[in-house]
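Chemist: Chains Z and U supply the protein sequences, listed in that same order. Residue 0 is where the first sequence starts when you use numbering that gives the first Met the number 0, and the numbers rise one by one after that. Residue 0 is where the second sequence starts when you use numbering that gives the first Met the number 0, and the numbers rise one by one after that.
Note that these hints are calculated values from the structure, not bench results. In this text, a Cβ means the ideal position worked out from N, Cα and C, and glycines have one as well. Incorrect hints may appear among the rest.
Unchecked claim - Cβ pair distances, simulated, as ranges:
| hint | chain 1 | residue 1 | chain 2 | residue 2 | range |
| --- | --- | --- | --- | --- | --- |
| 1 | U | 160 | Z | 235 | 28 to 38 Å |
| 2 | U | 175 | Z | 116 | 53 to 63 Å |
| 3 | Z | 220 | U | 39 | 28 to 38 Å |
| 4 | U | 124 | Z | 113 | 24 to 34 Å |
| 5 | Z | 239 | U | 289 | 17 to 27 Å |
| 6 | Z | 130 | U | 14 | 30 to 40 Å |
| 7 | U | 39 | Z | 78 | 48 to 58 Å |
| 8 | U | 175 | Z | 130 | 26 to 36 Å |
Said to hold, decoys possible - Computed cross-link-like contacts, EDC-like style, restricted to lysine to aspartate or glutamate with a CA-CA straight-line distance of at most 16 Å:
| hint | chain 1 | residue 1 | chain 2 | residue 2 |
| --- | --- | --- | --- | --- |
| 9 | U | 55 | Z | 240 |
| 10 | Z | 83 | U | 85 |
| 11 | U | 148 | U | 113 |
| 12 | U | 148 | U | 135 |
| 13 | U | 148 | U | 178 |
| 14 | U | 148 | U | 110 |
| 15 | U | 55 | U | 18 |
| 16 | U | 219 | U | 194 |
| 17 | Z | 1 | U | 113 |
Listed below, chain by chain, are the residues.
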Amino acid sequence: MKRFTAQLRTEVMLTLRNGEQLLLTLGIPVLLLVFFSLVDVLPTGTDDPVDFLAPGILALAVMSTAMVSLGIGTGFERSYHVLKRLATTPLGRPRLIAAKIASVAVVELVQFAIIVPVAYALGWSPTAPNWPLAVCAVLMGTMAFAGIGLTLAGRLRGEINLAAQNGLYLVLLLLGGMVIPFSKLPNGIRQVAHALPSGALADVLRDALGGVGTQPASSWIVLSIWAAAMPAIAAATFRWD
Amino acid sequence: MLVAAVEVNGLVVRYGDLEAVRGVSFSAEAGMVTAVLGPNGAGKTSTIEVCEGYRKATAGTVRVLGLDPATHQRQLGERIGVMLQEGGVYPSARVLDTVRHYCTLYGKGADAVELVEQVGLASRSKATWRRLSGGEKQRLSLALALAAKPEVAFLDEPTSGVDVNGRDTIRGIIRTLAEGGCAVVLATHELDEAERIADRVVIFDGGQVIADGTLDELRKGHDEIRFRSSPDLDLASLAAEIGMIASQVGADEYVIDAPPHPRLMAQLTAWLAEHGHPLTDLRAGSQRLEDVFRRLTTPAADTTHTDGAA
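Work out the full structure: start from the sequences and follow the hints.
Modeler: This is the structure:
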């Protein structure tokens, strides 16, 4: 347990002390939330844009931490032989992976502790929010995104991995129903967007927190498939050096 | 019966079609520095990685402290210290934080502050890895290996990229480690390194062990006399006088493969004086390790280059 907590401490410390990571995990989500809540230009279809945005931004926060932050960090740890070095200590691979998962959870807690109050301050008023269901969605989203991030990190070299994670982040953000409503996407692209983990997570979160999901039942199925498949693919393809 | 700390027997490591290690056997004992010496690509790192439990052997057996590293990595992880050839630390991690982290991971009660001091990084405690010089990085890596209070230490090129003072610090620490009873296995491509620090040398080339022994054993029977004089000595005349053949190895450098017997030395210098040649340098005795290495890895008539070998 001591080793696990030591590793967790190091993981969290390195993430929170890294400026780029902070910008990605906190800066961008909070900025998008505040900006588009105050500047009502998005075709959100809700009376108050924050009612549409808040769940989408929570989904974005999950994606930025579980996929991009974890993926970029792990990718560099691979290129810098950090993973190899740790593999020869008594920490062991299972505990290393557990510490990484726990560190993602800790960072997500920090994100939510900031984003949720900010959303309420901006006038977010979800009708009958089902928080346990939202937590369940966040867990599944975390699994799906961590799987995607680690699949890329486990194969691509440092800089290429960095570019790929950032590119994918942008695509999933735009097509994910996080800030742009599905209804505004062209028909063919909308079908793709609904099949993406970002779209599915935003949709189920929006449904759990206010009952304004587009197609929650199929989004839960899509999210479950991503959550089950991606960690398995990551585990099967990951290279430690 | 004394069991060696590290026993490697008939080890083969294959990457796809490439056979990096081809039937290697050697052992390393507690309290000794064993240098695994060879050109880059000779199979040293692959061999060490199998010993660390990091890489699977294709064939052969490896025992570290009597255990198979492939199946007992966790148990061995607590007893072995490792220094990778490069990297191993996250660039934004600070020196003291990193050492403290590894002290906790190993759980042997090593004191992080003391270790940082021991490797001479006390003034850099708060620096991040990316701000350290090459030598400082190597010293931090060494501190991480020491955090294990290891019974066996695997050090891969511990002084590469390190300046002269840094090398002395690192070598001093490695000697102390061995004197404390640790079996140190050190991979290096630098002959000088092996010569300065090792009790035993295992020479690798092309994925195989081509020589193995103490420095004295490796040099034994290979005494020579090496001297510099005019570039155009009449070697036939010299051979007739001293009864030995001298061979020209440089523009003005010559070698006689013989022990430095006083009579022979007298004959040689007398001949040079008689023929009006200078004597600008004269060394006699056992060959340097470099010469042993050359003799073993590059046969005289062979023009192929050994460095590129897998």
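Chemist: None of the hints should be skipped; say for each whether it holds.
Modeler: Hint-by-hint comparison with the structure:
Between residue 160 of chain U and residue 235 of chain Z the Cβ separation comes to about 37 Å, which falls inside the hinted range of 28 to 38 Å. Under the hint 53 to 63 Å, the C-beta atoms of residue 175 of chain U and residue 116 of chain Z, about 56 Å apart, fit the expected range. Separation of residue 220 of chain Z from residue 39 of chain U is about 53 Å and departs from the stated range, judged on CB atoms against 28 to 38 Å. In this structure, residue 124 of chain U and residue 113 of chain Z meet the distance hint of 24 to 34 Å, their C-beta atoms being roughly 32 Å apart.
Distance hint check: the CB atoms of residue 239 of chain Z and residue 289 of chain U are about 36 Å apart, inconsistent with the given range 17 to 27 Å. For the pair residue 130 of chain Z and residue 14 of chain U, the supplied restraint of 30 to 40 Å is violated, since their beta-carbon distance comes to about 51 Å. A hinted range of 48 to 58 Å for the beta carbons of residue 39 of chain U and residue 78 of chain Z is inconsistent with their spacing of about 20 Å. Against the hinted window of 26 to 36 Å, the Cβ-Cβ separation of residue 175 of chain U and residue 130 of chain Z comes to about 59 Å, which falls outside the hint.
This hinted pair checks out: residue 55 of chain U and residue 240 of chain Z have alpha carbons roughly 14 Å apart, not beyond 16 Å. The straight-line distance between the Cα atoms of residue 83 of chain Z and residue 85 of chain U is roughly 11 Å, inside the 16 Å bound, and the hint therefore holds. For the given pair, residue 148 of chain U sits about 13 Å from residue 113 of chain U by alpha-carbon distance, which is consistent with the 16 Å threshold. Using a Cα cut-off of 16 Å, the hinted pair residue 148 of chain U and residue 135 of chain U is violated, with the two alpha carbons roughly 20 Å apart.
For the given pair, residue 148 of chain U sits about 13 Å from residue 178 of chain U by alpha-carbon distance, which is consistent with the 16 Å threshold. Under the criterion of a C-alpha separation no larger than 16 Å, the hint pairing residue 148 of chain U with residue 110 of chain U is consistent with the structure, at around 10 Å. At most 16 Å may separate the alpha-carbon atoms for a hinted pair to count; residue 55 of chain U and residue 18 of chain U meet this at roughly 13 Å. The hinted pair formed by residue 219 of chain U and residue 194 of chain U meets the criterion: a straight-line CA distance of about 14 Å does not exceed 16 Å.
Distance hint between residue 1 of chain Z and residue 113 of chain U is unfulfilled; the C-alpha atoms sit about 21 Å from each other, more than 16 Å.
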